[in-house]
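Chemist: Here is what each chain is made of, one letter per residue.
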Amino acid sequence: MSDEKLEILEQGDLSDEKSVLRIRNLVVKYKTFQRDVIALTNVSLDVPRSTIIAIVGESGCGKSTLGYSIIGLLPRPPAEIGGGEILFQNKDILKLDEPQIVELRGTGISMIFQEPMTSLDPVYSVGQQLNEAIDVREKRKKRRAGFHAQVDTSSLNPSYAPPGLGQRMAGSGVSSIGRRNKKYSEEAIDALKRVHISDPERVIDKYPHELSGGMAQRVMIAMALIEKPAIVIADEPTSALDVTTQAQVLFLMRELREEIGTSILFITHDLAVAAQIADQVVVMYAGEIVEQASVEDMFHSSLHPYTEGLLKSFSHGYKDEGKIEAISGDVPNLKYLPSGCRFHPRCKYAFARCSVEHPSLDEVLPGHKVACFLRSPSSSNQSN
Amino acid sequence: MQVEIPEKKNEEPSTKRTRRVPFLDTQELRISWRIFRSSYITLIGAIISIVFIILALAVWLSSNKILPFDPYAISPSTILQAPSLHHLLGTDDLGRDILTRILAAAPIDAEVAFSVVGSAVILGLLIGGLAGFVGGYVEEVIMRVTDIFLAFPGLVLALAIVASLGPSITNTILALAPVWWPSYTRLARGETLSIKSQQFVEASTAAGQKNRHIILRHIIPNILPTLLVYATLDIGNVILVFSVLSFIGLGAQPPIPEWGLLSAQGEQYLRSAPWYPIAPALTILIVAIGFSLFGDGLRDALDPKVRGLFS
Amino acid sequence: MGLVTYIVRRLLLIIPILLGTTFITFIISRVTVPNPARAWAGPHASAAAVAALVARYHLKDPIYVQYVYYLRDLITGNWGLSPTSGRPVLYDLQLFFPATAELAIAAVIVTIIVGIPLGIVAAMHQNKKLDHTIRLVYLAGFSSPPFFVALLFLFVFSYYFNVFPTNGQLSTNLVPPTRITGLYIVDSLLTGNWIDLRDALWHIIMPALALALTYFGIVTRIMRSSMLEVFRKDFIRASFAKGLGSRAVVYKHAVRNAMIPTTTVLGLLLGSLLGGTIVIETIFVWPGIGYYATQSIESLDFPSVMGITVLFTLGVVFANLVADLLYGIIDPRIKV
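Chains as they are written, first to last, in the working numbering: chain A, 1 to 384; chain B, 385 to 695; chain C, 696 to 1031.
For lysine-lysine, the following PhoX-like pairs were computed, each having C-alpha atoms within a straight-line distance of at most 25 Å: (1) A:Lys-18 - A:Lys-228; (2) B:Lys-689 - C:Lys-823; (3) A:Lys-348 - A:Lys-335; (4) A:Lys-141 - A:Lys-95; (5) C:Lys-824 - A:Lys-31; (6) A:Lys-193 - A:Lys-228; (7) A:Lys-142 - A:Lys-228; (8) A:Lys-193 - A:Lys-139; (9) A:Lys-31 - B:Lys-689; (10) A:Lys-193 - A:Lys-206; (11) C:Lys-928 - B:Lys-689; (12) A:Lys-91 - A:Lys-228; (13) B:Lys-689 - C:Lys-824; (14) A:Lys-95 - A:Lys-31; (15) A:Lys-228 - A:Lys-206; (16) A:Lys-31 - C:Lys-823; (17) C:Lys-928 - A:Lys-31; (18) A:Lys-141 - A:Lys-193; (19) C:Lys-823 - C:Lys-928; (20) A:Lys-335 - B:Lys-689; (21) B:Lys-580 - B:Lys-689; (22) A:Lys-139 - A:Lys-228; (23) C:Lys-928 - A:Lys-206; (24) A:Lys-142 - A:Lys-91; (25) A:Lys-139 - A:Lys-91.
Calculated directly from the structure, the hints in this document are not laboratory data. None of the values given here were measured: they were computed from a predicted structure.
Take the sequences, apply the hints, and build the full model.
Modeler: This is the structure:
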């Protein structure tokens, strides 16, 4: 077991793996008093390095649940992993125990949230919280250096490694945050500069409630810059911002990808935003992926009726403007899912097979997957 | 080609009513019962509370005849006996059976507790409801006055009033009421404000209903449950304060049995007959906890989030 | 909002509260009493003395006039004459005050040391056995009359096991330390009087514990619910996402934030403690204001009782003020 722990701790080096993250057949349920809510059904996704993937869908489609599952922040109970695996650096992170997951967060897998102002602790200054991020990173580096040294000089018998080292260490993200003196490291100020905050010396002393939404989100991105994760999950990071600030933050996130090679899973309900930032787009509905393609293919030649409906429901620059239409009907209740294809009750192309059999996600064109009998008549699986 | 979409299997249940009154229809009552039944602790609290009320009623209605001994009969030959089969909790310094005295005190504590809490609820409902409903200057004045009463430590205020009026049970009730009515006024006003802004009240007003109708049919039934829940929690608290007042000499006067007074009378015998002062004090603890747990359970039963889990 | 603005606003708020509460104590002192003159003169006063009192306190004048004189008297320190001791009430209060202050401070310290960690633990184990146990314990605490724990302790530790002294602040064979503050523990510490210090500490343990164990629930309950609320906040989630472990998140972030609303309960705590000291001091014969109160009640000394009422009420009003000011200082959203 210690060997495996060693491998997990050795992160940060983007090895020759093509994919940063591989999700295989993930099933997530929420237990309630009566029926279970099936939040995610057989979700599979490969995230390549330095790629921005937008995960798009209406509220309740499971996109946020997906994000939380990856970083291990699902509230369980009531949430439960019903099956599948998530491979990060060749390890199934769903099987890790809490201290190991803690080791991964921040420096391996990071997450930024929708409301940036409330994502910062109101009683500590910006600088103190940035220092905290630096501390997390430095402490991990030291630990790994010391750990390696230990293994090198010992007789290579894994049992000489202090038992439960991973466990003990993971709990102590103790940091310089307690220090009252406002001496912030150069690096913290530097990080603020890199996210284009003009006047970082002033901002660094400020408390979160004194910042604007855009500024706060930039601080969050600065923390990601400091910790250099391999993948950042961004859960609707621009939904709470106005359009101009939104553009700035999106720009910053692209820079993040350029500067440290991180991949971004950009969760949003806003297709327009997805269009601006993504390399690939994944469309989710009722807990499943229904279509996946490059951003150009998705917007120019989408295949799934739901995607078509989404594209028609707002105006964007990619296609000829037709009439704006809403998709009729409502999103299904995840406790009482429709039989067969989950979208069939609202689909104008639905035929008999759609209500009986459940389509699987097939690659019908290179790099373009869709789960629909209209497009891939041969596919079928009974996973309902 | 359009196809008839077949009937959905797996129908979801119909949406709940949005009206908040939890006790006035059977489905809501069923949910309340389910919640109540699910917690052992709440049930224990309920049992203690009900036993207390029944005992108090029984003793009062039978004018103490139901008790094993006469709580007032002095018997010099049986002074300060240790607990035995005959006197389950021993006897006091005047030979009276302690268990009997404790039971005899039940109706007295019950009377004080229910009078005080009852009047607090009614006063709170009226005054607080008025403040919430009418708003404006009236509301401001009422809330300021409430704040001033709330600035006093409860026991101290009651103490002062009883000291000025003279110690007796009636005066104690009069002294305790001002300590409790402010909280209920605040509560009632807050609830009234939140009910007032709910849609069905606005709809009612738009439909031209008179104010009086709105108050009686909409507002009062909706704020009363919350007030009653807090009243249940408070019964124990009143008994606590009343017992302290009696302990220090205000409140019930000898030879009337009252738990706090009994403890005070027994204090000097703590060394030789510890059961004498401790038993009545323990009784207070049990009864107060009972009502506390019961009230907590009731409060959970009213909480919309909890109701959602049990529906 | 700015700390200064906050402080000024809060101080201004004190004035109507002080006026309001003194008005009520006035009503209790002079209006609701069936025979104010007799009550203030004492049950054994002569008719002449009573008449003199009526003149002195303007008891025949209309209420609003009386109130003005009452206020004036309060402010100038004329809180009445105690018929039992013959001394001004305020003077008597000053004699007994330090002992109560000492006991109250000790009780508050124990309450905080016990109450806050228990609240944190209860929150971290929400709805599990530990949480339920803690809640039951503190519920039992503030559901018990203050004399319950006191009598129990007294019996077990003083009579049965003979560990702690049964009464007083200091053993009768010892000389109290030189009076600097009036608080025996502080004074003996300041004067290096180790014998007195040890003895005084030994005496204060039981009364302070009895008080604290009865009322610690007030602090634990709010600390627990405060922690639970903080746990739901976004920045806790974000701290985990940053890679912090549970220990850091709880102690560096959650506790720090949860403490802020907890300060608001200081006034409530002191109010309950002061009420409790009346009982505790009586049982442990602790020479403080609570003890003075029961003596006054027994001897029908109405002026003293009213003096104590005003004193305790002022105490609570100022405790609330301090709590609010503290809140303003530790919450950066107000400070900056």
